[in-house]
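Participant: Residues per chain, in single letters:
2 protein chains.
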Amino acid sequence: MLSKNQIKLISSLQKKKYRDQHQLFIAEGDKLVTDLLHSGTKAAYLIYSKDWKNQYTTAHLNSIENRIETDNSQLKKISALKNPAPVLGVFKIPSFDIDSKLVSSSLSIVLDDIQDPGNLGTIIRIADWFGIKNIFCSPNTVDLYNPKVIQATMGAISRIKLTYTPIEQLINKYKADNFPIYGTFLEGETIYQSDLQSKGFIIMGNEGKGISEDIEKYVSHKLFIPNFPIGESTSESLNVSVACSIICSEFRRREF
Amino acid sequence: MLSKNQIKLISSLQKKKYRDQHQLFIAEGDKLVTDLLHSGTKAAYLIYSKDWKNQYTTAHLNSIENRIETDNSQLKKISALKNPAPVLGVFKIPSFDIDSKLVSSSLSIVLDDIQDPGNLGTIIRIADWFGIKNIFCSPNTVDLYNPKVIQATMGAISRIKLTYTPIEQLINKYKADNFPIYGTFLEGETIYQSDLQSKGFIIMGNEGKGISEDIEKYVSHKLFIPNFPIGESTSESLNVSVACSIICSEFRRREF
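Just so you know, the sequences run in chain order A and B. Okay, so the first sequence: first residue is -14 according to this note's numbering, each after it adds one. Okay, so the second sequence: first residue is -14 according to this note's numbering, each after it adds one.
Honestly, the hints are just simulated from the structure, not real lab data. Quantities reported herein were computed from a predicted structural model and do not represent experimental measurements. Among the clues, some could well be false.
In this list, chains with the same sequence are indistinguishable; a pair is considered to hold if it fits within one copy or across any two.
Claimed, not checked - Listed next, the in silico SDA-like pairs over lysine to any residue satisfying Cα-Cα at most 25 Å (straight line):
id, residue 1, residue 2
1, 207, 235
2, 35, -12
3, 133, 103
4, 184, 218
5, 67, 128
6, 184, 235
7, 184, 87
8, 194, 15
9, 16, 171
10, 62, 128
11, 67, 102
12, 67, 221
13, 133, 195
14, 184, 219
Using the sequences provided together with the hints, build the complete structure.
Facilitator: Written out as structure tokens, the structure reads:
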């Protein structure tokens, strides 16, 4: 069973302040937790029901420092979900190096102040599907370790490297050598007819404001996802994660 | 100001039972409400702050039976949003005929038990962007008039005809004449290389279960959105609204 202090610690991790302080985050549910364990993300605590333990016994489980079997009422106390999952992991926030050779030679997604946790989680899933290994986020982007983001990634977070960094600095590091910087704008070129390379930054803007002016000036390729029929009045915009998926699909289809 | 009975009626419309009983639904926010008014959707009540009225005076406003100016505390009482909008419309659920000639000659989206209000709202926005006029939903699909769906459409609902109907019946009506029925499956043909026509049904399946077996047997074109690099282990699936956007984009790019 969990102690009062452990329950207090785990509950506090719903807030960014305490996640930063303890360098811990939580993930709930069998698939998400096992994906994180398999990817090598270090668990500080693993809390589960008896039923869950009975169906999951591997070496990964034995290597975890604090394994705590508990009952449904305690799982309910620490869960942020409507229906608590049979397992909750408290994981150490990983640190990793960026492979700048990989960044220079492949596609990365760059997020300019994305605010909605569901959008960030969905974009991580899209990156994973389309084999994009690196996501860079402006410092004002929603926190990756927000439990809503972690849940929305459906485990994709275990395969993606996501870093917070000032975007201008990032671009200045890579923009030599005509490194392409892509962004979507209403006045951009129809994406279906654009020259799309298999390397570069794909910048996705804030839900309300789009790509900020400070960043727009670095965009070398302005793209546009055309609405249909052309010229007819439709929705003013697509949701940012929807736009991101269409763009990623369009880049990858060129390689078929 | 609103009467107690009016507040009670409006609050009750958060529930499907009362929306069905009164044939009314609510929409909040300037853009959504004005889009609905402009599209000809009939408002039963329009409730707004003084500030909102001062910036919005058109013929549309004058034709509304019950216009009620109120204050922020009443707006807060009837709002389902964290931050109540300055205007809330109570609209009559519209009834309309389906133009079967249009359905036979164009693309429609068919939803097989979509459960998440955000997904349905996003799919309506995608349909609007890509000029798809008709959406058909299985009877078990989440209710269009759920306030979360209405808000997520961002006004696109005013330009789309959405109907609830048993899918088998719908397919049987149109499937003569080799009418194409598209659906995504892991064993489908790569969508980038598929023959895609400018007419047919695009079936999108339930979030957890995908397209049901009863419907799968009618699918004439099984499609697949390839992950990248091919054969590498990535996310198990894409979110249904993300998949829908990639498919719609792929159909429309053939017409450029």
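Participant: Now look at each hint and say whether the structure bears it out.
Facilitator: Against the structure, the hints:
With identical chains, the CA atoms of residue 207 and residue 235 are at most 25 Å apart both within one copy (14 Å) and between copies (20 Å). In this assembly of identical chains, residue 35 and residue -12 lie within 25 Å of each other by CA distance solely inside one copy; the values are 17 Å within and 54 Å between copies. With identical chains, the CA atoms of residue 133 and residue 103 are at most 25 Å apart both within one copy (7 Å) and between copies (15 Å). Taking the closest pair of Cα atoms, residue 184 and residue 218 come within 25 Å of each other only across two copies (21 Å); inside a single copy the shortest separation is 34 Å, beyond that limit.
For the identical chains of this complex, residue 67 and residue 128 are neighbours both inside a copy (22 Å) and across copies (21 Å), given an alpha-carbon limit of 25 Å. Proximity of residue 184 to residue 235 under the C-alpha cut-off of 25 Å is found in both arrangements, the shortest distances being 13 Å within a copy and 22 Å between copies. Taking CA atoms no more than 25 Å apart as the test, residue 184 paired with residue 87 passes inside one copy only; the shortest distance there is 9 Å, against 42 Å between copies. Taking the shortest alpha-carbon separations for residue 194 and residue 15, only the inter-copy value of 18 Å comes in at or below 25 Å, while the best intra-copy value is 37 Å.
In the homo-oligomer, the alpha carbons of residue 16 and residue 171 lie at most 25 Å apart only across protomers (19 Å), although the nearest pairing inside one protomer, at 39 Å, exceeds that limit. Taking the shortest Cα distances, residue 62 and residue 128 sit within 25 Å of each other inside one copy (23 Å), while across copies they are farther apart (31 Å). In this homomeric assembly, residue 67 and residue 102 come within 25 Å of each other (Cα to Cα) both inside a single copy, at 17 Å, and across copies, at 16 Å. Taking the shortest Cα distances, residue 67 and residue 221 sit within 25 Å of each other only across copies (24 Å), while inside one copy they are farther apart (34 Å).
In this assembly of identical chains, residue 133 and residue 195 lie within 25 Å of each other by CA distance both inside one copy and across copies; the values are 22 Å within and 23 Å between. Taking the shortest Cα distances, residue 184 and residue 219 sit within 25 Å of each other only across copies (20 Å), while inside one copy they are farther apart (32 Å).
In terms of the numbered hints stated before, the structure departs from none.
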